[in-house]
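From first to last, the protein sequence lines are chains C and W. Residue 1 is where the first sequence starts when you use the UniProt record's numbering, and the numbers rise one by one after that. Residue 1 is where the second sequence starts when you use the UniProt record's numbering, and the numbers rise one by one after that.
Misleading hints may appear alongside valid ones.
Some, not all, of what chain W presents toward chain C, calculated at C-beta under 8 Å [said to hold, decoys possible]:
hint: 1; residue: His184
hint: 2; residue: Arg192
hint: 3; residue: His193
hint: 4; residue: Leu194
hint: 5; residue: Glu262
hint: 6; residue: Thr266
hint: 7; residue: Leu274
hint: 8; residue: Arg276
hint: 9; residue: Cys277
hint: 10; residue: Gln279
hint: 11; residue: Tyr338
hint: 12; residue: Ala344
hint: 13; residue: Met362
hint: 14; residue: Leu381
hint: 15; residue: Gly384
Label pairs and their calculated CB-CB ranges [as the list claims (entries may be wrong)]:
hint: 16; chain 1: C; residue 1: Ser50; chain 2: W; residue 2: Ile78; range: 27 to 37 Å
hint: 17; chain 1: C; residue 1: Ser50; chain 2: W; residue 2: Ala369; range: 58 to 68 Å
hint: 18; chain 1: W; residue 1: Ala156; chain 2: C; residue 2: Asp54; range: 49 to 59 Å
hint: 19; chain 1: W; residue 1: Ile390; chain 2: C; residue 2: Ser180; range: 20 to 30 Å
hint: 20; chain 1: W; residue 1: Ile392; chain 2: C; residue 2: Asp397; range: 31 to 41 Å
hint: 21; chain 1: C; residue 1: Glu391; chain 2: W; residue 2: Thr139; range: 50 to 60 Å
hint: 22; chain 1: C; residue 1: Gly384; chain 2: W; residue 2: Ala369; range: 52 to 62 Å
The set of hints was computed from the structure by calculation and includes no laboratory data. Computed from a prediction, not measured in an experiment: that's the story for all the values here. Quick reminder that beta carbons are idealized off the backbone N, C-alpha and C, glycines included.
Protein chains: 2
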Amino acid sequence: MRAAAPPKPREMGTSPGCGPLIPPLSDTARPLRQQIFERVRAAGQTARASLARDLAVSPASVTTLTSELIEAGLLEEIATPREADSGRGRPAVALGVRAGAHLVAGIKLSDREHTAVVVDFAGNRLAGEAIPRQPGPMTLPELLDAADALLTRVCASAGIARDALTAVGLGVPGFVDAASGTVHWSPVITERHLPLVPHLTDHLGLPVHVDNDANLVTLAELWFGAGRTLSDFAVVTIEHGLGMGFVLNHRLYRGARGIGMELGHTKVQMDGALCRCGQRGCLEAYVADYALVREAQTALNLPNRDTLAVGALLESLYDHAKAGNAAARSIFHRAGRYLALGLANVVNLFDPGLIILSGDRMRYDYLYAQETLSEMGAMMLDTGRPAPRIEIHAWGDLLWAHGAAALALQEVTEAALDAARAVP
Amino acid sequence: MRAAAPPKPREMGTSPGCGPLIPPLSDTARPLRQQIFERVRAAGQTARASLARDLAVSPASVTTLTSELIEAGLLEEIATPREADSGRGRPAVALGVRAGAHLVAGIKLSDREHTAVVVDFAGNRLAGEAIPRQPGPMTLPELLDAADALLTRVCASAGIARDALTAVGLGVPGFVDAASGTVHWSPVITERHLPLVPHLTDHLGLPVHVDNDANLVTLAELWFGAGRTLSDFAVVTIEHGLGMGFVLNHRLYRGARGIGMELGHTKVQMDGALCRCGQRGCLEAYVADYALVREAQTALNLPNRDTLAVGALLESLYDHAKAGNAAARSIFHRAGRYLALGLANVVNLFDPGLIILSGDRMRYDYLYAQETLSEMGAMMLDTGRPAPRIEIHAWGDLLWAHGAAALALQEVTEAALDAARAVP
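Just chain C, same shape as in the assembly (with noise of 0.2 Å):
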């Protein structure tokens, strides 16, 4: 399935030290090469002709940036039939991300299991798997440990050397600053402040990068799901707590100082219900599991909580509310409510075009039936424009691994495309 062993970067994340002296690029600006490299991995494949159209350029200029991405081994000819509506006799040629030029592997840590992927450059997934967990946070080792452990295990599935993989991009929830590569704080790990980057480059002899699970859904989309052409998009996901990530002219928006975008821990009610972050009135103390679950004991009359699992719990609450239990169905309705709130306030700070409801609980159609979405819209501003598209994404358990591994993609092509631009 693979092709001979990558070209790796010469040095991730950071510019070579060799070339002219380029400016450093902001955090949105997209360089030709770049938009090039993205519409190709967009579409799959295309003709040159076509982007030289899409992005009102000379066609000189596409031959010459495609032949530097074609070079620096990131992009591929393909021989495609011969053009049906052309009328002219030479084959077509398109061109594709050449798939074989880096695999990455992604790997999401979370309370109840951990997954991993390994995916070549184009995308595709060459092998995952889940490893069920007893809840509760890790210490360094114990983290340290499970990581390795997981990627032992996804790259024998894929039948393939660890050091075949160019890097890897690793997911926890909590507040993460991805450029730093520290975890604040995160529900699965005890330590608070922790440089978790170094460490784990260090146990795993790869270069490893760590973003926040909304953030890893957020890429997810961008990468391989409906935001592969959009520019703009907002992510919602609802699981043990509710995350957000923004998507702004093709890149991840992290906020101006590395940690935003965290809709679950808005408030929408002054001294109102608790957290598990301590405050009060946070958005996910309304929507999460934990929030659900917490009033299920009561809306069930449990005599003993604790003999049902979280996700055994929320099935059963889910059953009885569609049974009829008043007081189930109301749990599901004031979350449904908030949720409706929340989306709204995104709506009326981001004026999104899109905003994808991506997790698994999405499976619990209440979070996005009519009369939801209904509220949501009469808590948006009333500009009189049709409101944003909503697309429901219940993904499977592989989601954030998915996630995780595009994380990694970034990195590898923003090294990779760095590299191209300082090939003499």
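Position chain W against the provided structure of chain C, taking the given hints into account.
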């Protein structure tokens, strides 16, 4: 005070139709020419060598690009005293923005008064006017007449003819789509979804650009205030309503579809206080003028509220609070707590390094009392990092008009930079 009539860009707001095909700039991409211009503008005066060093580009590139900008009439050379620390004999030559390159007017229409300024291309104010008015929404003809009268008056005050202006910026409160020039709703306009820009352009005989008031204040900070040297910051304004602007990578961020940052209408209480937008629980329904005024009558036990204008009523309420009136204090206390909640939400979502609190109401120091800022800190995510810096800017009456002038300057500058790029 003025140089000869400035060269007008060939077409406002669009790229000229000649020259090589260049891809349209995305909102956040900042070509080097623009970065150079913005650095000179921000610094007031700067040497070519500093530009090369700060932007990490070759002196030759800086010389080429600054020559283009000088040729296009945007920058000029300024002889400065020999640099004391250089030890060399040559007189230093700095670059500055050519003040006379363009003149623009800024107009702000609001409920209680209309204001206007004329500024030159370097941001110097040549004249400013304020005209009090009877509150209430205007019809389109009334609005056009008001803008016309203001423009005549402020041009006379500046001693210039109207056609010496390159463009006019105009601000109104409400929901404005700046890209299309449409005012979807404004408390000072009777019509909804009004395409104001073509009407104004036609009536005033000049290119006109329109935006909402919070964006104007943000542009004023970006062009003339604390934002001159910052790439990312948030501005929160409190007056009759509560507004927000956000600068991302040196540019005003308007939301993905043009109407965003409506912090005042984010919901902070399900089914809460009635907002003037018609919905319930909006932040501004707890913080803005009208929210305070409707409780002031109760607190001050006024027989007839109509005898006091809003401003006088708020002043009276403030005086009573300072004198120890518990009910009056509780009104400001609650408003301060909700402002803290709103600011904490801004921090949790955007993670800005700086929040500027701007507007006339900042004279009421309860809004940024230590108690309020502590409360904000308690509602921010505890990431272990310091809270963002908060600055208080109680600008004068002409702030908003200055922001409208900044809007015009921004459009004129972009058109001029586009035109400079197209010079063969």
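Outcome of the hint check:
no.: 1; hint: His184; verdict: 4 Å, holds
no.: 2; hint: Arg192; verdict: 6 Å, holds
no.: 3; hint: His193; verdict: 5 Å, holds
no.: 4; hint: Leu194; verdict: 11 Å, violated
no.: 5; hint: Glu262; verdict: 4 Å, holds
no.: 6; hint: Thr266; verdict: 4 Å, holds
no.: 7; hint: Leu274; verdict: 13 Å, violated
no.: 8; hint: Arg276; verdict: 12 Å, violated
no.: 9; hint: Cys277; verdict: 7 Å, holds
no.: 10; hint: Gln279; verdict: 6 Å, holds
no.: 11; hint: Tyr338; verdict: 7 Å, holds
no.: 12; hint: Ala344; verdict: 6 Å, holds
no.: 13; hint: Met362; verdict: 22 Å, violated
no.: 14; hint: Leu381; verdict: 5 Å, holds
no.: 15; hint: Gly384; verdict: 5 Å, holds
no.: 16; hint: C:Ser50 / W:Ile78: 27 to 37 Å; verdict: 48 Å, violated
no.: 17; hint: C:Ser50 / W:Ala369: 58 to 68 Å; verdict: 59 Å, holds
no.: 18; hint: W:Ala156 / C:Asp54: 49 to 59 Å; verdict: 51 Å, holds
no.: 19; hint: W:Ile390 / C:Ser180: 20 to 30 Å; verdict: 24 Å, holds
no.: 20; hint: W:Ile392 / C:Asp397: 31 to 41 Å; verdict: 49 Å, violated
no.: 21; hint: C:Glu391 / W:Thr139: 50 to 60 Å; verdict: 42 Å, violated
no.: 22; hint: C:Gly384 / W:Ala369: 52 to 62 Å; verdict: 39 Å, violated
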